[in-house]
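Asks: Okay, here's what each chain looks like letter by letter:
Number of protein chains: 2
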Amino acid sequence: MPTLVMKFGGTSVATLDRIRRAAKRVGREVANGYDVIVIVSAMAGKTNELVGWVEETSKFFDAREYDAVVSSGEQVTAGLMALTLQEMDVPARSWAGWQVPLKTDAAHAAARIEEIGTDNINAKFAEGMRVAVVAGFQGISPEGRITTLGRGGSDTTAVAFAAAFGAERCDIYTDVDGVYTTDPRITAKARKLDRIAFEEMLELASLGAKVLQTRSVELAMRYKVKLRVLSSFEDNDDSAGTLVCDEEDIMESNVVAGVAYSRDEAKMTLLSVADRPGIAAAIFGPLADAGVNVDMIVQNISEDGRTDMTFSLPVAQIPRAEQAMAATKERGEVNYADLVTDDDVAKISVVGIGMRSHAGVAAQMFKALRDEGINIKVITTSEIKISVLIDRKYMELAVQTLHDAFELEKA
Amino acid sequence: MPTLVMKFGGTSVATLDRIRRAAKRVGREVANGYDVIVIVSAMAGKTNELVGWVEETSKFFDAREYDAVVSSGEQVTAGLMALTLQEMDVPARSWAGWQVPLKTDAAHAAARIEEIGTDNINAKFAEGMRVAVVAGFQGISPEGRITTLGRGGSDTTAVAFAAAFGAERCDIYTDVDGVYTTDPRITAKARKLDRIAFEEMLELASLGAKVLQTRSVELAMRYKVKLRVLSSFEDNDDSAGTLVCDEEDIMESNVVAGVAYSRDEAKMTLLSVADRPGIAAAIFGPLADAGVNVDMIVQNISEDGRTDMTFSLPVAQIPRAEQAMAATKERGEVNYADLVTDDDVAKISVVGIGMRSHAGVAAQMFKALRDEGINIKVITTSEIKISVLIDRKYMELAVQTLHDAFELEKA
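Protein sequence lines, in the order shown, are assigned to chains A and B. The numbering used here puts the first sequence at residues 1 to 411. The numbering used here puts the second sequence at residues 1 to 411.
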């Protein structure tokens with residue numbers, strides 16, 4: 001029988017009632033002829049409770065014990081989901097990560113999946129079991145201890161199972177009904193996308209669209225797993241949600257797929273830095289060591305052997321960055337004239353695989369912003385993305401303007 | 001290093017604060033030179049919450065899923081206890097039942113322990129770990145699924161570990177400070193026993209003294225595990241609590257160790273039953289099938305081929321018993337003239353291994369009760385126990401009278 005992976009997040013299994021609603025969806029897919037692997041998160045709030053206890057117990061806690069405690073939440077949901085399915089006469093059983101086994105490395109609290117054993121679950125499918133309910137977010141280390149996968153772990157678990165079992169599709173049930181051309185709270189014209197390419201989703205995810213964790217999209221792209229994002233709070237038909245898929249599976253697409261934004265950005269400029277080989281390393285090495293997530297980097301043309309170096313970073317990391325820069329100056333490693341910080345900017349990006357073959361997208365973007373009097377402070381581009389930093393007060397206007405300019409409301 | 005097993009029940013680990021207090025006790029034993037195996041229950045209330053969810057989900061639930069859900073509570077406490085010990089610089093780690101492994105049969109929700117693997121934990125002790133914190137109440141089935149041990153499972157886990165690791169002693173921390181000569185709520189003269197023999201404890205436990213589960217005492221007796229019951233809410237020195245031990249380890253003991261009672265008893269008499277071979281089986285077989293826990297059985301002398309058969313049972317099981325008896329009469333299997341039920345009796349027992357060598361205990365007991373005008377309705381005796389049924393209204397008086405008569409307030 002064809003296999004389907006269905007993943008339900010914490011809000012979708014927050015109560016026994018919601019578990020029942022999720023189980024009904026699973027039952028429908030079983031009736032459609034699928035063997036189903038269900039990946040569940042902990043009931044909403046449970047993981048926070050467990051993490052709170054660990055943090056209250058120990059400030060610098062042993063991540064192995066953290067994992068032993070925190071992984072229990074998914075185990076509970078998996079058992080309850082299996083019982084609910086059995087009540088509906090669907091043959092089902094639960095599996096903890098170690099029972100599958102889902103083997104990971106030993107990087108507790110942020111483990112990486114190494115291998116998923118398919119024999120145990122396939123043997124049960126062969127015996128007539130129709131649904132394997134698997135506790136998400138967890139695995140077993142080479143030492144035989146429980147590991148957890150860190151942020152977005154349940155999405156990643158789901159995609160990994162879809163890859164290992166050759167599933168026809170991996171459905172991610174969440175509290176939104178798909179991926180939009182932009183945030184519907186910013187413009188009512190935002191339109192749900194029926195399909196989006198992996199590369200586009202990756203750019204959107206890392207740019208702040210919180211629907212899917214970047215890590216799960218990367219994995220899906222590598223193993224060609226068709227991912228569908230859809231709402232567990234609405235009735236869906238087969239065309240519901242958004243399918244994240246290979247570029248070739250999208251017949252005709254807009255040049256620009258979506259407009260993303262990131263609100264709390266800052267811009268830092270080192271004025272009049274000596275432009276010598278290795279200067280970039282001398283600046284960004286210490287920043288990385290200080291845990292600063294530098295995003296965009298722009299270096300101006302050198303004049304008289306000196307240049308200005310500008311980069312963007314999250315607002316919250318400004319103090320760390322300033323401290324790191326002051327230290328490099330003190331140590332005589334980077335001699336800059338001044339450090340100018342602008343903590344009042346936002347990042348706007350247009351993303352689309354169509355850009356590869358369409359020239360002029362950047363020009364169209366800059367013109368649209370100019371027409372609204374929005375000044376561009378920094379520009380970076382990749383093959384399928386153009387990002388700009390602008391004053392934060394123009395953020396909403398910029399998103400609306402670009403959404404209109406690229407006619408994203410039209411399919 | 002010598003090994004000690006310490007078990008903490010749900011109320012002793014109900015909050016992070018109580019876990020800290022328990023961890024301090026463990027730390028003291030480590031400082032005393034012991035390698036310690038700590039067995040923990042779920043935080044008070046957690047197991048009930050989980051059981052509630054299972055029962056709400058499914059009326060006739062799959063016990064394997066019940067076990068998967070319910071066992072998670074102990075896993076959480078084990079991790080938190082290990083973290084707390086680490087905070088106190090005590091090298092510790094947690095173990096789920098399956099990690100030990102504690103192997104059981106496949107009787108989910110009421111599994112029996114088959115084997116405890118000691119290699120994994122001993123290897124860690126050899127590496128310098130001082131405390132193994134083990135989730136109580138759980139194990140792993142031959143099929144690789146999580147099992148739970150049923151009522152009293154954590155006490156039983158503790159004793160089984162003490163046996164497997166050859167522990168010097170198994171300390172059961174609970175909310176009372178030991179085993180008493182009788183219930184202190186009934187007489188202020190009740191005295192805490194420093195020592196009690198396994199056989200005595202078994203009789204007391206099954207007679208309603210709720211300090212230790214019968215099953216764990218049986219196991220301790222079989223494997224000669226010294227059991228100590230003590231309070232986790234008081235400061236204890238080495239002589240604290242009550243030591244449950246082999247008879248030979250008790251130098252001098254009273255003839256009677258304690259007086260136990262059981263309040264909600266009933267007495268049933270079948271009048272004028274044909275006294276033929278197999279009549280007892282014809283009566284008590286159907287009662288057992290109906291789930292009636294028959295305790296005392298008395299058969300009067302036969303007259304003219306007919307006899308009266310009296311037995312005791314818990315009050316709550318009267319309807320079931322009456323129904324079963326009516327059915328046997330209808331089927332013509334047991335032809336009794338009448339069925340008389342007395343739902344207003346209590347059972348009083350005196351227990352002591354000293355009775356074996358002391359005649360006259362029964363006579364002394366009956367005389368003491370007679371002197372208070374308490375009528376005895378049924379008597380049964382074993383080697384180390386004499387039990388009587390009396391009117392329930394005399395229960396407290398009978399306990400006080402017997403406690404005085406055997407001078408149990410004196411050590």
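If you're looking for bench data, these hints aren't it; they were derived computationally from the structure. Any given hint might turn out to be false.
It does not matter which identical chain is meant; a pair holds if it fits inside one copy or across any two.
In silico DSSO-like links for lysine-lysine, alpha-carbon gap of 27 Å or less [stated by the list, open to error]:
#, residue 1, residue 2
1, Lys224, Lys124
2, Lys410, Lys59
3, Lys267, Lys224
4, Lys59, Lys189
5, Lys124, Lys59
6, Lys24, Lys410
7, Lys226, Lys377
8, Lys24, Lys226
9, Lys410, Lys329
10, Lys59, Lys46
11, Lys377, Lys410
12, Lys124, Lys103
13, Lys226, Lys103
14, Lys124, Lys329
15, Lys189, Lys46
16, Lys224, Lys189
17, Lys103, Lys377
18, Lys59, Lys377
19, Lys24, Lys377
20, Lys59, Lys24
21, Lys393, Lys367
22, Lys267, Lys46
Asks: If a hint holds in the structure, say so; if it doesn't, say that too.
Replies: Structure-based check of all given hints:
1. Proximity of lysine 224 and lysine 124 under a CA criterion of 27 Å is satisfied intra-copy only: 26 Å inside one chain copy versus 43 Å between copies.
2. Taking identical chains as interchangeable, the C-alpha atoms of lysine 410 and lysine 59 are never at most 27 Å apart, the minima being 52 Å within one chain and 51 Å between chains.
3. Taking the shortest Cα distances, lysine 267 and lysine 224 never come within 27 Å of each other, neither inside one copy (37 Å) nor across copies (73 Å).
4. When the C-alpha separation of lysine 59 and lysine 189 is checked against a cutoff of 27 Å, the pair qualifies neither within a copy, at 47 Å, nor between copies, at 48 Å.
5. Taking CA atoms no more than 27 Å apart as the test, lysine 124 paired with lysine 59 passes between copies only; the shortest distance there is 24 Å, against 43 Å inside one copy.
6. When the C-alpha separation of lysine 24 and lysine 410 is checked against a cutoff of 27 Å, the pair qualifies neither within a copy, at 34 Å, nor between copies, at 67 Å.
7. Proximity of lysine 226 and lysine 377 under a CA criterion of 27 Å is satisfied in neither setting, with 38 Å inside one chain copy and 77 Å between copies.
8. In this assembly of identical chains, lysine 24 and lysine 226 lie within 27 Å of each other by CA distance solely inside one copy; the values are 22 Å within and 53 Å between copies.
9. When the C-alpha separation of lysine 410 and lysine 329 is checked against a cutoff of 27 Å, the pair qualifies neither within a copy, at 52 Å, nor between copies, at 83 Å.
10. Within a single copy, lysine 59 and lysine 46 get their C-alpha atoms as close as 20 Å, and across copies as close as 24 Å, so both meet the 27 Å cut-off.
11. When the C-alpha separation of lysine 377 and lysine 410 is checked against a cutoff of 27 Å, the pair qualifies neither within a copy, at 30 Å, nor between copies, at 91 Å.
12. In the homo-oligomer, the alpha carbons of lysine 124 and lysine 103 lie at most 27 Å apart both inside one protomer (19 Å) and across protomers (22 Å), since each shortest distance falls under that limit.
13. When the C-alpha separation of lysine 226 and lysine 103 is checked against a cutoff of 27 Å, the pair qualifies only within one copy, where the shortest distance is 23 Å, while the shortest distance between copies is 41 Å.
14. With identical chains, the CA atoms of lysine 124 and lysine 329 are never at most 27 Å apart, being 64 Å at best within one copy and 49 Å at best between copies.
15. In the homo-oligomer, the alpha carbons of lysine 189 and lysine 46 never lie at most 27 Å apart, since the shortest distance is 36 Å inside one protomer and 48 Å across protomers.
16. Within a single copy, lysine 224 and lysine 189 get their C-alpha atoms no closer than 31 Å, and across copies no closer than 77 Å, so neither meets the 27 Å cut-off.
17. Taking the shortest alpha-carbon separations for lysine 103 and lysine 377, neither the intra-copy value of 46 Å nor the inter-copy value of 66 Å comes in at or below 27 Å.
18. In this assembly of identical chains, lysine 59 and lysine 377 lie within 27 Å of each other by CA distance neither inside one copy nor across copies; the values are 41 Å within and 64 Å between.
19. In this assembly of identical chains, the alpha carbons of lysine 24 and lysine 377 never lie at most 27 Å apart, being 51 Å within a copy and 59 Å across copies at closest.
20. For the homomeric pair lysine 59 and lysine 24, the shortest alpha-carbon distance between copies (18 Å) is at most 27 Å, but the shortest distance inside one copy (42 Å) is not.
21. In the homo-oligomer, the alpha carbons of lysine 393 and lysine 367 lie at most 27 Å apart inside one protomer (19 Å), although the nearest pairing across protomers, at 96 Å, exceeds that limit.
22. Taking CA atoms no more than 27 Å apart as the test, lysine 267 paired with lysine 46 passes in neither setting, with 38 Å inside one copy and 49 Å between copies.
The structure fails hints 2, 3, 4, 6, 7, 9, 11, 14, 15, 16, 17, 18, 19, 22 (numbered hints given earlier, in ascending order).
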